[in-house]
Amino acid sequence: MPFKEKELKRTIYPEVPPRVEYALTGRSRSLLPHLNALIEWAMENKDAILTDRQKAMERK
Numbered sequence: 000m001p002f003k004e005k006e007l008k009r010t011i012y013p014e015v016p017p018r019v020e021y022a023l024t025g026r027s028r029s030l031l032p033h034l035n036a037l038i039e040w041a042m043e044n045k046d047a048i049l050t051d052r053q054k055a056m057e058r059k
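Its first residue numbered 0, the sequence shown is counted upward by one per residue in numbering that gives the first Met the number 0.
Heads up, some of the hints might be wrong.
Claimed, not checked - In silico lysine to any residue, SDA-like type, Cα no more than 20 angstroms apart, as pairs:
#1 Lys5 <-> Lys45
#2 Lys45 <-> Ala55
#3 Lys5 <-> Arg28
#4 Lys5 <-> Leu23
#5 Lys45 <-> Leu34
#6 Lys45 <-> Ser29
It should be emphasised that the hints constitute simulated quantities derived from the structure, not laboratory data.
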């Protein structure tokens, strides 16, 4: 996948050794609340998810 400036800001420094820094853009930062909500949901449901996975593996 090609690098797109809309998701990440890439700063290249003319140094030796080379140094490159990456930072989220405003558009990418706007995803953080949604990603955090997904992580919170996964943590809250971890036990049930693991139990369901185990049951599915036992049926195979």
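Evaluation of the provided hints:
1. This hinted pair does not check out: Lys5 and Lys45 have alpha carbons roughly 33 angstroms apart, beyond 20 angstroms.
2. As the CA atoms of Lys45 and Ala55 are separated by approximately 15 angstroms, the hinted pair is consistent with the 20 angstroms bound.
3. Between Lys5 and Arg28, the direct Cα distance comes to roughly 11 angstroms. Compliance with the 20 angstroms bound is thereby established for this hinted pair.
4. Annotation: proposed proximity of Lys5 to Leu23 holds, straight-line Cα distance about 9 angstroms (limit 20 angstroms).
5. Restraint check: the Cα-Cα separation between Lys45 and Leu34 comes to about 16 angstroms, which is no more than 20 angstroms; the hinted pair holds.
6. For the given pair, Lys45 sits about 25 angstroms from Ser29 by alpha-carbon distance, which is inconsistent with the 20 angstroms threshold.
Checked against the numbered hints given earlier, this structure breaks hints 1 and 6; the rest are met.
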